[in-house]
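S.K.: Take a look at the letters that make up each chain.
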Amino acid sequence: MTVQDTEAVATAAAEDEKPEADKMVIIAASGDLDKAWPTLILATTGAAYGMDVTIFFTFWGLGILKRPDAGITGEDWRQKMLGVFKKGSTEKLQLSTMNFGGIGAKMMQGLADDNNVASVQELLELSQDMGVKLWPCQMTMDLMGLTSEHMIDGLDKPAGAGSAISLMKEASISLFI
Amino acid sequence: MTVQDTEAVATAAAEDEKPEADKMVIIAASGDLDKAWPTLILATTGAAYGMDVTIFFTFWGLGILKRPDAGITGEDWRQKMLGVFKKGSTEKLQLSTMNFGGIGAKMMQGLADDNNVASVQELLELSQDMGVKLWPCQMTMDLMGLTSEHMIDGLDKPAGAGSAISLMKEASISLFI
Amino acid sequence: MTVQDTEAVATAAAEDEKPEADKMVIIAASGDLDKAWPTLILATTGAAYGMDVTIFFTFWGLGILKRPDAGITGEDWRQKMLGVFKKGSTEKLQLSTMNFGGIGAKMMQGLADDNNVASVQELLELSQDMGVKLWPCQMTMDLMGLTSEHMIDGLDKPAGAGSAISLMKEASISLFI
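Chains as they are written, first to last, in this note's numbering: chain A, 421 to 597; chain B, 421 to 597; chain C, 421 to 597.
Fair warning: there could be bad hints in the mix.
A pair counts as met if it fits within one copy or between any two copies, since identical chains are not told apart.
Derived pair list, reagent style BS3-like, types lysine-lysine, alpha-carbon separation capped at 27 angstroms [said to hold, decoys possible]:
no. : residue 1 : residue 2
1   : Lys526    : Lys500
2   : Lys507    : Lys443
3   : Lys589    : Lys512
4   : Lys553    : Lys589
5   : Lys507    : Lys589
6   : Lys553    : Lys577
7   : Lys443    : Lys500
8   : Lys577    : Lys506
9   : Lys512    : Lys526
10  : Lys512    : Lys553
11  : Lys577    : Lys500
Source of the hints: derived by calculation from the structure; they are not laboratory data.
Note that this is a predicted model, so its numbers are computed, not measured.
Kindly generate the complete structure, drawing on both the sequences and the hints.
M.R.: What follows is the structure, given as structure tokens:
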């Protein structure tokens, strides 16, 4: 064994021993403000703790990733209706309870501002800055008639349930929110 | 040690070494269409990936396993009311949002059909074909006055929270949906 | 090495080998009766199975820990409104569906009584007796203008998302309910 060999082995061993970051996977299936908030708080906090965080946005959760100016989306009248009633984007999220036609959501965002709690939009941007992977669900995009043009920039490639499951199998923390 | 003995030992050793399938456990506590769908998509996808999948249906989630013709169930007037207002069965699931008295649910199912997304009923049958274990919660059955006659065929024996916890402790993925 | 040393080493080794209890962490983010119930059933069952259980109460979930006589809380009008519309305490939890202005919740509690299912209040007390750790979310307390005076006795110190994540990383079961 030459010195080079020894070094190569030592390097390989070191790489072997280098602990991989713990993984956190969140399935974000709800488009409610009171679900988007904990999703993004957990994601950014996990990333701050050095975890490798992925959020899989599916069903109503996909709305969180829509551009505010996406407009009416889809070709089918049902997809258009979804686009009208679930406008999506972080700006238009509603509370699942105590919403009072949007007043509750505004009230809660105001309270958050005054208490130095980051808004969902700020947390979404922070997630991206911190390297949190944002996966839109391909099946939901097809179902709702959404294309990448309707979505915010900087997302990962649309993925399926199989990819989410493969990731969760290796994750220390998997949550459905 | 005879040849037979050796073979027996070798077989036993091989079986010992055969990696057990990763387990996925889903607690399905909601009877909403938009929760039943991801539950069964994740379950069938997990099974397709070779996982050993169990769904524990509790509280409103138990309704997913009701027969469409279960009729009014229970002896107590409160149980009967539950039976009337929460008819259950995959046919009558409602959306948690944008339901509009059932129109939203029908609309979403139509969209799914047109986009080759399997219906909840199809996914439930597929789950059974793929060996996904479907556990009804015993406590909820008692609470709601449901017996095995009200439930679809092919379910596992009713189980309790303790069994679900024992299983989750060993599982790679545990989700509450 | 003296006899004492040897003993000390043996004791240390034995302690090292003593298996730590499996951990269960539940993030309780909902204040609905039909979420509080499974949260506390899983927590107490887990504790009965020897697990080390922690519930992190955040967002609406914090209401479960409010005293029934907390009254109107907070200084800000929005916090006061939250206090009025989300009175909290186990006594005033509502169902997320079939609530009918509180009649559904009462009906379900009556059914539970008649079927020997413990109430949420009983389960909460049992949790405390069994050593389940109850963590109020500090950020939510600030947001909603709640102080320890508004909360029931026997809670752990308010904690943040980071503490919950650290705990979940080591847990066998982590659920978001």
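S.K.: With reference to the structure, classify each hint as holding or not holding.
M.R.: Going down the list of hints, with the structure as the test:
1. Taking identical chains as interchangeable, the C-alpha atoms of Lys526 and Lys500 lie at most 27 angstroms apart whether they share a chain (25 angstroms) or sit on different chains (15 angstroms).
2. With identical chains, the CA atoms of Lys507 and Lys443 are never at most 27 angstroms apart, being 31 angstroms at best within one copy and 37 angstroms at best between copies.
3. Taking identical chains as interchangeable, the C-alpha atoms of Lys589 and Lys512 are never at most 27 angstroms apart, the minima being 33 angstroms within one chain and 33 angstroms between chains.
4. Taking the closest pair of Cα atoms, Lys553 and Lys589 come within 27 angstroms of each other both inside a single copy (17 angstroms) and across two copies (19 angstroms).
5. Taking the closest pair of Cα atoms, Lys507 and Lys589 never come within 27 angstroms of each other, the shortest separation being 33 angstroms inside a single copy and 35 angstroms across copies.
6. Taking the shortest Cα distances, Lys553 and Lys577 sit within 27 angstroms of each other inside one copy (10 angstroms), while across copies they are farther apart (32 angstroms).
7. Neither within a single protomer nor between protomers do Lys443 and Lys500 lie at most 27 angstroms apart by alpha-carbon distance, with minima of 37 angstroms and 39 angstroms respectively.
8. Taking the shortest alpha-carbon separations for Lys577 and Lys506, only the intra-copy value of 23 angstroms comes in at or below 27 angstroms, while the best inter-copy value is 39 angstroms.
9. Taking identical chains as interchangeable, the C-alpha atoms of Lys512 and Lys526 lie at most 27 angstroms apart whether they share a chain (10 angstroms) or sit on different chains (25 angstroms).
10. Taking the shortest alpha-carbon separations for Lys512 and Lys553, only the intra-copy value of 22 angstroms comes in at or below 27 angstroms, while the best inter-copy value is 36 angstroms.
11. For the homomeric pair Lys577 and Lys500, the shortest alpha-carbon distance inside one copy (24 angstroms) is at most 27 angstroms, but the shortest distance between copies (44 angstroms) is not.
Comparing the model with each earlier hint shows violations of hints 2, 3, 5, 7; every other hint is respected.
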